[in-house]
Structures are given as structure tokens and as C-alpha cells.
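Protein sequence lines, in the order shown, are assigned to chains F and E. With the first letter of the first sequence counted as 1, position 138 gets the number 302 in the numbering used here; the numbers rise by one all the way through. With the first letter of the second sequence counted as 1, position 7 gets the number 26 in the numbering used here; the numbers rise by one all the way through.
One or more of the hints may lead you astray.
[What the hints assert, rightly or not] Okay, the calculated beta carbon distance ranges per label pair: (1) F/P206 with E/L185: 22 to 32 Å; (2) E/L196 with F/T238: 27 to 37 Å; (3) F/G302 with E/L167: 25 to 35 Å.
These are computed hints drawn from the structure, not numbers from a lab. The beta carbon of each residue, even a glycine, is placed where N, CA and C say it ideally should be.
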Amino acid sequence: MAKKEYAFYPGCSSQLKASASNYLTSVNSMCKTLDVKLTEIPDWNCCGASIGYAEGGELPRHAINARNFALAETHLPGQDIVATCAACWLGARESKERLDASSTLMRETNEALAAAGLHYKAEVKIRHMVEVLIEDFGYDELKKPVVKPLEGVKFAGYVGCQTNRPFGIDGESFENPKYLDKLVETLGGDPVENYDQKVTCCGGALAFSEPEKSQKQIRDIVESAYDHGAEMIVTPCPLCQANVEVYQSEINKKQGTKFSMPVLYYSQLMTVAYGGSMKDAGLDGQLIRATPLEKITGK
Amino acid sequence: MSEQNRQASERYRNNFLKEVEERVEEGEWVKMCMQCGVCAGSCPLGPAWEHSPQKIFMMIRAGERERVLSSDAMWMCTSCYSCIVRCPRKLPITHIMHGLANYAHRLGLAPKGQPTRDFAKLFWDNLVKKGRVNELKLTLAHYFRGGLMSGIREALAMQGIGKGLLKAGRLNPKELLGGHALKDLKGFHAIVAKAREIEDRKKGLSG
């Protein structure tokens, strides 16, 4: 039996060949090493993300999240729901807190769920993978499987918004969370000190609708990583990863910069440090190649 | 003016604060704002807002219904939650902005063609269709929002990124033919429809 088991909520972007499919690849490799069993919530649906508010309103958003909760409670009783996507975690947790706080909302949500023969009992806990790593394992445990320390590589820990606010990771500050830096250190890497864009917003969904405003944010995030001597950015959020990696070429085209800063997931760093191959770590899924990490996998 | 909007302005007359308290997500918090301005200074898109959240809260209390609901201000919210964690009175500012945008959109008062309004609607419709987001269809629907020619122009401008994602295995052309979908799509649609029906009845948005 696996050391730990969770009801897994991968989210839309982590599906096969979706924009964060390399996140999922590396999470699976990392969990294999840590002996974690992730069982997908059967037939899970989208969380509505934060941009769903305009058409989705309140109750429809809470109801679709509660559908996932009800499915997890039914099929994977006793297991915490674990999300890897920042927006899934935030959306699900937000719905759970609202429902727990309001008996009216709970009644209405269950009225909606009844239309599909489901019922939410309010038993399940919603957590982010980062919480699992820090709280259920801890840095010392996470260090044990390291066979290829990320020596000499400098990482800018870009935490971003939605794993940090409004809930955040217990014991961390909103303005200067340290967990990514600690994780990099645990893996033998070199975290950049005083990375001043650590919690800056990348623009989120507005990368689509307001590209110029969002690309200004992204430029600050990348530029500051260069200014602090980072070779790579590491993040826990799939939208941060996609926005900050993908739009560098656009910014270069429009503003004459020469950005080429790889943007990785924490789980990719862990997979490499745990001795995984380039493929195990999803490094073949980068638009901007993470050469220093590729070299470590070949050692 | 939509019928729902006419009914709402008649029902609440000059009491826009009451309307917001009863019909906008977390609207009952508006009166708690003490006008310190920390939200305005914390917003990453601060300079782009026609009215900062601080100003919007005061405008609500002053009964500036049309100016608030027809503003593009709330549509600048990136959902970064900086305002929430810094507000000394703990107002759920992000949610109130989302709530105001949603209410304005549903009443038909939000600015036409506002890009985030349009994208947000595309996003919700896209996810409801199959229960999961179809990233390729969402992206293409966004590029082609202004018609065929501008769509082709936009899609061509972004083709480098598209090819990169394709090569990296992070974009699937087959999504155009269907893509990921729920098994119990019927049940999912029934839940969404029921939830919307209840909410619309409560907020005077049935029509």
C-alpha cells in the first residue's frame, strides 16, 4: 500500500496534451518516488476558474465545485482532495468555505446537485499539492530521495497569486512567502535572494483579453529574475507558468528584449533531483529549454 | 434597457447600496469600507482602472448606479487577491468586483465589446459545454471574436507560440473535433441549469 493516498483533482490544463500536461507528467514522477497514490476523482469537472464569475455568477460556480466534492466523498471516502492547479485549488476552496459558512447556500447547492442525483456532505478537505509536500512530508523527508542535487543552478522562486492569496500556505506571509526558496534549497539548488517580483500578478486570464497590460506584468517578472542572476524561474501555478514562459517571445518581438528565461514547475525540479529522466520531468514540454536541468538529468 | 434592469431600478429607486447588498456577491460588505485606499494602491492594474475599488465603494453609497454598473473598471480585475489580503477591514474586495461585473453583465449594462467581459463569457460557455475547458476552441473563439479577417490576422500573429506548444505536446489539434468531456454531461448540465435558475430567481435576473 502506498504511503499516502489522495483524491486527485488535476484540472483542465493538466489533461493529456493540454497546456500544463508537463506539470502532470512531473507530478506523477514525483509522487512515484514519494510513494504517493493519486486517484483521480471520477468524472471531475472544471472549477470555473476565477474568470468564470462574469457569466457563472455565484451558485453555479459553487455547485460545479460541489459536484467534484460529492464525487470524491462518494468514490474516495476519507481521502483529502488534492489539486495541483492554483486556480482549481482556489476555486474549490473558496466554494467550500462559502458553503460551510452559509446554510442557505449549502441547501441551494444540494438542491442543484440533486438534479444529477448527488449530495455534498461537507466532509472533504481541499488541499494543494504544495501543502501535501510541506505538511504531510516536510522538507527533511523531501530531501531524503535526492540523488542528483541541483547544485550551482540559481532559481527565482515565483510564487505568484493564487497559491498565495487569499488563502496561502499555512505559516507563510502573503508578501514574502519562503516555501519555494526552501524547496529549492532542499533540492540542493540556489534560491535567488530578494526576488522582488515573487508575488507579482502575471495578469492571469487577462493575458488573453488585455495582452499589453498583462505583458507589462510578465516583463517585470522576467526582468527581475535576470537582474538577480537567476537562470530559471520556478512556480507552483500552471497559468503563471504558461503566461510567463509563452509570452516572452511576444515581448521580445514588440519591445526588443532578448528574454529566454526557462519557467519550471517545482515538481519538475523535484523529479530531476530525484534522479528522473528528462521525459519523467516533462522537460520536453518546455518552450524555452531548461538546459541546466537537462544537463543534470544526463549526469 | 433590459426588462430586468428596469425592474431593478424601479424596485430600489435611489437606494443603490441596498440593491448591491441584496443582489451582488458579498455586497453586504460595501458599507464597511473606510476609504483608506490600500486596495487602489495594491492593484497590479491600478492605473488602468477608471474608478478604483475604493472609489467604487463610495460611488455605490452615493447612489451612482449607472456610472458604476456601466464602468469598465471592475473588468480590470486579474483575480490576484492583493486587495483582499491587504484590506484593513477585511472586505472581500476581489469578490465584490467580480459580483458587480457579473451583475452589470447580466443586466446588460456592462460596456459592449469590453474584452475581458467577452472573454469571460467565452470561458464559461466553453467549460459548460463539455464540463471541462477546451483550450484550443477557447483560444480560437477569442481570436475570431471580431470576425474572420481580424481572427486570421490574430491567429497568424500568434502562430509561433502555437507551433511551440504543439511541438512541446501542450496543444492538441484533435481538441477541435471534440476533446475531453465528462461522462455524465447530462447530470452536469442539469446541475448548472438548476443552480442558475435558483440564483436568477433570487437576484431578479430571470427573464
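Here is what the structure says about each hint:
1. F/P206 with E/L185: 22 to 32 Å: 30 Å, holds
2. E/L196 with F/T238: 27 to 37 Å: 32 Å, holds
3. F/G302 with E/L167: 25 to 35 Å: Taking Cβ atoms as reference, F/G302 and E/L167 lie about 56 Å apart, which means the hint is violated.
Hint compliance for this structure: hint 3 is the single one not met.
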